[in-house]
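Participant: Chain by chain, the residues run as shown.
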Amino acid sequence: METIRNALDFSDFPRIDLIGAGLVLIFLLIFPLLPLSAFAMATMIQFLMFSIYGMGWNTIGGYGGQVDLGKAQYVGIGAYTTSVMLIRWDIPFWVSMPIGVCFAVGWSFIIGYPLFRLKGHYFAIATIATSLVLKDLFEAWNFVGAARGLEISPIKYRPPDFLRLIFKEDIYYYYVLLGLFIIGLFYINWFRKSRLGFQLRCIKDNENVAESLGINVRWAKVKTYAIATAFVSVVGSFHACYIKNIEPEDTMSLSISILIALMAMLGGAGSLWGPIIGAGILIPLKSYLKEWLGAKAGLVGIDLIIYAIIIMLVSAYEPRGIWGIVEKVRRRKRR
Amino acid sequence: MALLEVKQVTKAFGGLRANDDITFSLETGELVGLIGPNGAGKTTLFNCISGLHPITSGEIIFSQEDITELKAHEIARRGLARTFQVYVASGDLTVEENVMVGCFMHTRSRSESKTRANRILQFMKLQELSEYLVSELPAAAQKRVTMATALGSEPKLLLLDEVAAGLNPSEIEEIMTSIKSVHIDMGVTVILIEHVMELVMKISDRVIVLDYGKKIADGNPAQVAKDPKVIKAYLGERYVKEYAEKLA
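Just so you know, the protein sequences line up as chains A and B, in that order. Residue numbering for the first sequence follows the working numbering, starting at 1 and increasing by one per position. Residue numbering for the second sequence follows the working numbering, starting at 336 and increasing by one per position.
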């Protein structure tokens, strides 16, 4: 009971935040009804997907301060589990998605336990390495289509197929994803106030202090890493049904991992709204850069340069991102 | 019955013996001061007892249980809390939240932890500061917060590492009152590392002196203050002239 109450309780935010969040939510709810291009719709779905990725990353990376740059491997595990199961055995999304989460979480325990012996930059580099190794394995593994990837052919099904999540129009995908987004938001709102959430924030401050307060630091990190993984894997499964054509390069590459981390880092690591703000800025920017500057002006790779600049600016000036600046201003005003 | 028994504990860092064959025991309800010059191994001893450093040899018994091999968080869960000399708060947690982390040791419920934390904040006279970030507070208040956080875990034994360092005389007076009330009103056994002699000598039942990793004295404050070895190693002649007579 208390858990549900805590998940639904946003009362510790100032009223202006709640009004802002309410307006954004209303906008998200009515967005598909507005007369907009398919490009805008696709961008919006990307925004929701990366918001959820970012929320997941934010648990371990933001609240826990463990910069994880290997989240793409779990996108891959989720996406591949769903694709393989659908194509080979016709298992619907709502069954394969939880199975994908189990695989991803299982894998996260296997690599998380040794990885969390490492700290700081070493941990970050190790997460990149594991993710790249897994990607290489998938590129060589014929069962999952190797480097060619897998294709879910929509002709075999009769859309709208809610069980398998095969639709013709993006609007269905949009609302399914919005549902996941809202559940995710409530979960994180509970998480940040839970015992594990508090323990992680203490770990971020000082691990020795955390140990001396009875917190099993490594276990707390591994648990949270698994939570972050579950978030990412769910959206990975969704990604498979939405894109219908997955290959290691576009689900498990380093740039996906970096983009996931960047959502929360830019918006505000360790805050509830951070990843959503980050995704709200970066995804339209990314779409625009790809569509216009990349394709039309021939500046391929400009998006990567811009991400790099953002990472440098955030870590040099305000490690807590945009939301960190907002909170700083508020604290200054209060005094 | 002894609450804590430290038996022949040695901690070596390479060739350096930071703690060399230290033996003492602590009765329930005592308030013991641990003093000695810089580098004598006081904080190392705390780190060994609280499990942050594995010891090289020896044995540590807490509440009749051998905790020598246990990890820091397992020892903390058995009722041994500590504070740190330098507490670097990155500024993420407010005072109340900090204390709640301690309280979460015994409960999963947020509301229960919050109620407990508020009780402790009131006890430590910190309730007006509960909404501030720890990093925004002056040193004296930060020290009280670290004590409050440790108390959140409802310890049987509390190790205080230099809670009076860097404070002015009136703040020292305040923190001394806090330590006393933790000891008497909450019934917590306390062992404290301190360089502020007025404080140690006034409130301790017993004082243990370390020098170069070895225990050189152990006794009531007046005895220890007269011990020639302690005077030579740490207190100095001037201190003895000024203060020791008051104590005697």
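Hints are computed from structural coordinates only; laboratory data are not their basis. Treat each hint with caution, since some may be false.
Far from chain B, some chain A residues (derived; all Cβ distances over 10 Å) [stated by the list, open to error]:
#1 Cys202
#2 Glu211
#3 Ile302
Derived lysine-lysine pairs resembling DSSO-like cross-links, with alpha carbons at most 27 Å apart [stated by the list, open to error]:
#4 Lys491(B) / Lys333(A)
#5 Lys119(A) / Lys406(B)
#6 Lys460(B) / Lys406(B)
#7 Lys406(B) / Lys204(A)
#8 Lys193(A) / Lys449(B)
#9 Lys564(B) / Lys406(B)
#10 Lys449(B) / Lys223(A)
#11 Lys204(A) / Lys449(B)
#12 Lys223(A) / Lys460(B)
#13 Lys193(A) / Lys460(B)
#14 Lys328(A) / Lys515(B)
Every value quoted in this text rests on a predicted model; they were computed, and no experiment measured them. C-beta: ideal position from N, C-alpha, C; glycine also.
Participant: Run every hint past the structure and note whether it holds.
Facilitator: Going through the hints against the structure:
no., hint, in the structure
1, Cys202, "violated (5 Å)"
2, Glu211, "violated (4 Å)"
3, Ile302, "holds (34 Å)"
4, Lys491(B) / Lys333(A), "violated (42 Å)"
5, Lys119(A) / Lys406(B), "holds (19 Å)"
6, Lys460(B) / Lys406(B), "violated (32 Å)"
7, Lys406(B) / Lys204(A), "holds (19 Å)"
8, Lys193(A) / Lys449(B), "holds (11 Å)"
9, Lys564(B) / Lys406(B), "violated (35 Å)"
10, Lys449(B) / Lys223(A), "holds (23 Å)"
11, Lys204(A) / Lys449(B), "holds (21 Å)"
12, Lys223(A) / Lys460(B), "violated (36 Å)"
13, Lys193(A) / Lys460(B), "holds (25 Å)"
14, Lys328(A) / Lys515(B), "violated (37 Å)"
The structure is inconsistent with the numbered hints 1, 2, 4, 6, 9, 12 and 14, although it conforms to all the rest.
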